[in-house]
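J.: So the chains spell out like this:
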Amino acid sequence: MPIIRAEGLTKTYRVADKQPGLRGTLRHFFARRSREVPAVKDVSFSIEAGEIVGFLGPNGAGKTTTLKMLSGLIHPTAGTVEVAGHVPYRRQGNFLRSISLVMGQKQQLIWDLPPLDSLRVNAAVYGLDDARAKRRITELAEMLELGDELSRPVRKLSLGERMKAELLAALLHRPSVLFLDEPTLGLDVNAQARVRDFLADINRRTGTTVLLTSHYMGDITALCPRVLLIHQGHLFHDGPLDELTERLAPCREVRLELKDPAPAEAFAGYGAVESCQGHQVRLLIPRDRLTAAVARLLADFAVVDLEVSEPPVEELIGRLFRQGVVA
Amino acid sequence: MAKVVAKSLATFRRYQRTLARFWATSLTAELEYQANFLIELLSVGGNLAGSVFLLSLFFGHGRSLGGWSWNQALVVLGVYTLLDGLTSTVLQPNLSTIVTHVRTGTLDFVLLKPIDSQFWLSARTFSPWGLPGVVMGLGLMAVAAVRAGARPGPEALLQVAVLLIASAVILYSLWFVLAATSIWFVKVWNATEVLRSALVAGRYPVAAYPAGLRTFFTLVLPVAFLTTVPAEAILGTGSSQWLLASVVVAVVSLALSRWFWGFALRFYTSASS
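Respectively, the protein sequence lines represent chains A and B. Read left to right, the first sequence gives residues 9 to 335 (the working numbering). Read left to right, the second sequence gives residues 703 to 975 (the working numbering).
One thing to keep in mind: the hints can contain errors.
Unchecked claim - Derived DSBU-like pairs (lysine-lysine); straight-line CA-CA distance at most 30 Å:
#, chain 1, residue 1, chain 2, residue 2
1, A, Lys267, B, Lys705
2, A, Lys164, A, Lys142
3, A, Lys49, A, Lys26
4, A, Lys49, A, Lys142
5, A, Lys142, A, Lys26
6, B, Lys709, A, Lys142
Honestly, the hints are just simulated from the structure, not real lab data.
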């Protein structure tokens with residue numbers, strides 16, 4: 009019995025059709041026109057309890073909209089959705105007690121007060137008695153490596169500490185499904201890793217089902233054995249991550265800083281030259297040839313600095329769709 | 703049956719505990735700014751002195767205002783000051799946050815809590831700075847009533863209490879409906895300010911206004927129910943019809959505000975996408 013089931017999930021927004029400028033504004037004021045913008049089109053999938061699933065896609069792909077339909081914040085235009093045995097948008101008490109939502113750009117903690125105060129409010133709202141709330145806070149704080157940060161005003165916490173406190177607040181009532189929308193947004197590499205470790209840990213210990221969106225490939229590779237890729241509202245990939253990375257990132261990006269400038273043609277034999285401006289060179293090299301190519305580059309040129317990275321997911325997906333590989 | 707009772711009792715306790723936490727946390731947050739207390743005290747005192755002075759101008763040479771004596775009119779002013787204090791304590795801080803919630807999308811967090819969202823939005827904060835107004839209002843009501851020769855018995859006092867609660871409920875409902883329109887119009891600060899200014903009319907007995915305005919303040923914007931009707935009850939000049947009417951208006955407007963909130967939420971699709 010899957011814990012999340014979506015069938016033919018569709019959401020269409022009505023947006024105001026307004027021309028720019030004063031004239032457009034006036035015209036709009038007197039004769040409102042709107043058009044329908046499809047955000048999510050006919051998306052179906054199901055997720056078993058205890059899974060960690062990554063939701064991937066460029067900005068505006070429909071990830072957040074889908075997450076909002078799953079958590080009951082918006083009604084689907086068409087299709088059915090069921091989470092933890094409930095229809096989300098009815099927002100019944102038992103449903104709300106079994107889910108939680110964390111959003112990277114929004115916070116629920118009270119800005120002027122220490123997180124502990126917000127946690128006490130949440131404990132009361134979820135009907136947890138003091139002893140139980142205290143036990144859970146201690147347990148989660150330990151997992152998150154939070155100490156006296158919990159008694160400092162939220163406004164004085166770093167972004168990473170704040171996100172950890174947000175996670176604590178979201179998990180206090182032990183939800184069985186946790187939705188995360190860009191939980192690592194803006195965090196430094198260390199804090200990102202902490203958040204990921206924690207999510208893996210909580211999933212392992214309590215069997216919480218985790219569904220997260222991110223456009224950091226790192227989050228997805230570290231956490232999600234299964235990935236849903238959504239683009240322009242359509243679900244294009246549902247399956248193991250390996251398959252997707254194979255399709256998405258067959259190449260690594262290599263950035264070189266050279267001691268002496270070299271022409272672009274000089275690098276043609278190593279990989280695809282993306283850009284070459286004097287000392288700075290960017291190459292795309294297939295993964296299976298990466299180590300050999302890097303070794304040769306280091307031997308053949310006077311390299312000041314060398315950096316290997318995966319191209320950003322947006323870029324990869326964009327390239328992929330231009331090539332039409334997935335479609 | 704017993705199960706249902708036990709369940710509602712547990713729910714009631716949960717709301718009670720939540721409210722206590724709400725107010726304790728907001729009090730902690732507010733008390734960081736002690737200077738506010740002094741400022742608010744001065745502002746309420748100044749406003750009250752101004753209104754009393756203005757009122758005194760109408761009463762030179764033993765004149766009366768629409769059949770109200772000087773002390774009787776002061777009772778109305780007392781009720782108004784009390785309501786204004788309540789507004790600053792609970793209504794204003796909570797209902798102005800609705801706009802912020804809509805604009806920044808944090809309304810999502812409220813909607814995902816297993817608690818009534820209207821309750822959360824209406825009771826989340828408590829600002830102690832309105833309390834001087836409440837105290838001054840009660841004081842003025844009592845002093846003016848005694849000087850006007852009113853000696854209300856326990857039954858009359860109960861009526862007064864009911865009427866004051868009804869006024870508070872009417873005011874709350876009006877304000878909440880207006881604040882809830884932020885779901886469509888996002889910026890409604892101005893609208894709530896207009897409401898607050900219109901309610902200033904409640905500083906004086908409704909009888910003091912020309913017939914047209916009187917009808918408006920009774921039927922359209924129920925200012926009459928807010929201050930004049932409770933004041934009449936205090937002075938013993940009220941009637942049971944008005945008591946009933948007040949309670950009915952209060953219940954209807956509260957029900958209306960709940961219906962309207964449900965209606966508004968159906969349009970809510972949150973700010974980010």
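J.: A separate judgement is required for each hint: does it hold in the structure or not?
T.: Hints, verified against the model:
no., hint, in the structure
1, A:Lys267 <-> B:Lys705, "80 Å, violated"
2, A:Lys164 <-> A:Lys142, "23 Å, holds"
3, A:Lys49 <-> A:Lys26, "24 Å, holds"
4, A:Lys49 <-> A:Lys142, "44 Å, violated"
5, A:Lys142 <-> A:Lys26, "52 Å, violated"
6, B:Lys709 <-> A:Lys142, "24 Å, holds"
In the structure shown, a violation is registered for the earlier hints numbered 1, 4, 5, in ascending order.
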